[in-house]
Amino acid sequence: MAEPRVMDIKDQPGFRTIAIICLLVLYVPVLILMIFSLNSGSLVTHWEGVTLGWYGTAFLNEEFHAAARNTLIISVTATIVSTICATLAAIGMTRVKPWRGLAAAFMVINLPLMVPEIITAVATLSFFALIAGVFGLNFGIGNLILAHTVFCIPFAYMPIRARLEDMDLTLEYAAADLYATPWSAFRRITLPLLVPGIMSGAALAFIVSFDDFTITQLVAGPGQTTLPLYIWNQIRRPMTPEINAISTILLMVSILFVSVSFLIARRRAK
Amino acid sequence: MTTAALSSVPLSKAALFEAQAVKISARRNRLLSLPALLIIGIFGVLPLIIICVYSFLVAAPYGGVQWQFSTDAYLNFLFQRDIFDDTLQFTPDFLIIYLRSFLFAVVTTVICLLLGFPTAYFMATRPPAQRNWWVLLITIPFWSNLLVRTLAIMFIIRDEGLINNALIGLGVIDKPITMLYTNFAIQLGLLYAFLPFMVLPLYSSLEKLDFRLIEAAYDLYATRRQVLWRVIIPLSKPGIIAGCLLVFIPALGAYVTPLILGGGIHLMIGDLIAQQFGSGRNWPLGCAQALILMTAVLVALYFYVRNTSGKVQHG
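Protein chains in written order, with our numbering: chain A, 2 to 271; chain B, 106 to 420.
Just so you know, the hints here were simulated from the structure itself, not pulled from any lab data.
Everything numeric in this text was worked out from a predicted model, so none of it was measured.
For every residue, glycine included, the Cβ atom is placed at its ideal position computed from N, Cα and C.
Check each hint, because a few of them may be wrong.
[Claimed, not checked] Here are the simulated SDA-like pairs of lysine to any residue, each with C-alpha atoms no more than 20 Å apart in a straight line:
no.	chain 1	residue 1	chain 2	residue 2
1	A	Lys11	B	Ile345
2	B	Lys342	B	Ser309
3	B	Lys313	A	Asp12
[To be verified] Covered, in the sense of this in silico footprint (three residues per stretch, anywhere, with C-beta under 8 Å from a C-beta of chain A), are these stretches of chain B:
no.	region
4	138-144
5	153-164
[Stated by the list, open to error] Computed, partial: chain B to chain A, Cβ under 8 Å:
no.	residue
6	Val150
7	Tyr226
8	Tyr297
9	Ile378
10	Phe382
11	Ala395
Please model the complete structure; the sequences and the hints are all you need to start from.
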């Protein structure tokens, strides 16, 4: 007895195929890049066999060490500073009576997201050149840390603000009713509830700083090579699968932090 | 009004909440936004003002600027000064690069929309558990290193890359097809780079779609096609606009993609600006070019604000 086929009202013809194609298009090139990091031959295009040797080569490479060290110094510092600033700003912009200039402040915080990266890059370069010329000030790697902090703030700010807005305010009111001072209500109630938002924001800030190429390339001085810059320098030489190995490491770091941020956000939603 | 006075009068729930909020969060909380605003103000906004100033100065011979007023940077955008008789001659070189970039950005936006909309819709109609996986799978490329992702495209389309090797191996062609360092390569790279930027905002708008409306449309004898064009697409307009903007703006100012896949032969605005600060050694010109790009972005943002404000946000 044939059952009458029920039409799923949500379906549209061909959409499944396009979705699967999109996923393949997004992943196949990156997967090929990762697979070739295991190539035992020294060509990036010709497959010879499986080895982990190129990871070893990368880990023993002095230049790679220096680049990894610079990257970590910059992105860890920028993440910490930007997450603290973003947390304070999110509280200062949600847990207050609307103040004059609030909309403008919100725009300033989000500005780095709206300005194309290349403009931020040349503007920052011009700025540091100017203060070096006029005041003789050069913060060394601090230049890069400051530049990164600026564009990390909005990324850290978004999930923290979202969390503050979703939060059930009755708990804070209850604390206030029970004579908690504003500070202890914040420390004992708001802050613990805010931790997932802060962690999610910090993870995003870390990724964007860790991965940044454009701004770093223009602002970096000599000896301030980061991992993306190191990869760029390698592209212009004859390439070996070492570059695939280093690229794979960078991708893994991104995937790890995105997944962490994503899982925190999911748990919150449940 | 003091709290004591407040408690004696009946208040709407909203007003009570606000009164309470004021009580627990002192006025001075607004000062907490100061560190973030100062950092972005000094190291983000001030540099933008500086390049406005720089664009009206004269280039120093070895990079940097000389403090002397001039509008040459803007004139140079369209004209070249003749060395001998000092007349201005129309040279559209820069203009062509701007128009090319605009075209690249428009094509990228359109194709991303054509691919991204069905994908986002398909994701939004999955059962919740499956939906989370799809979102994670699109989120990962969204946040992955753009340089590395572009490199992955480069490996595939090189003369001795995977596509050419496969085609030669299959006997379809006997000489590799040159794809790298062509307009095709840049276009492909832009699509690859920005596809997730289209899918995610579309998804978050489609996820909130009220499917009872689709049911109602079918009850009123709409066809699938009519449901798509007359119900689903109009309802997801905010997501479509947001997605288009999120693709168009970074595509217009793209730097990494044309740098790696265009090989310095096929320039886009991003490379052009960077060049003035590098080998071009003409900072004022670079600043002027950056500000012209910024103007284009502001125009796009203006249309976005005009199209979204004044309407009820869904969800």
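So, going through the hints one by one against the coordinates:
Proposed proximity of A/Lys11 and B/Ile345 is supported: the alpha carbons are some 19 Å apart, at most 20 Å. Taking the CA atoms of B/Lys342 and B/Ser309, the gap is near 12 Å; set against the 20 Å cutoff, the hint holds. Distance hint between B/Lys313 and A/Asp12 is fulfilled; the C-alpha atoms sit about 16 Å from each other, no more than 20 Å. With 6 residues having a beta carbon nearer than 8 Å to a beta carbon of chain A, the region 138-144 of chain B meets the requirement of three or more and the stated coverage holds.
Coverage of the region 153-164 of chain B by chain A holds in this model, with 4 residues showing a Cβ closer than 8 Å to a Cβ of that chain against a need of three. For B/Val150, the suggested interface contact is upheld, since its CB lies about 7 Å from the closest CB of chain A, less than 8 Å. Annotation: interface hint on B/Tyr226 holds; nearest CB of chain A at approximately 6 Å, less than 8 Å. Contact between B/Tyr297 and chain A, as hinted, is supported at the beta carbon level, the nearest pair being about 7 Å apart and thus within 8 Å.
A hinted interface residue such as B/Ile378 counts as satisfied when its beta carbon comes closer than 8 Å to some beta carbon of chain A; here the least separation is about 5 Å, so the hint holds. Because the closest C-beta pair between B/Phe382 and chain A is about 6 Å apart, less than 8 Å, the hint holds. Using the Cβ-Cβ criterion of 8 Å, the hint placing B/Ala395 at the interface with chain A is satisfied: the shortest such distance is roughly 5 Å.
Of the numbered hints stated above, none is contradicted by the structure.
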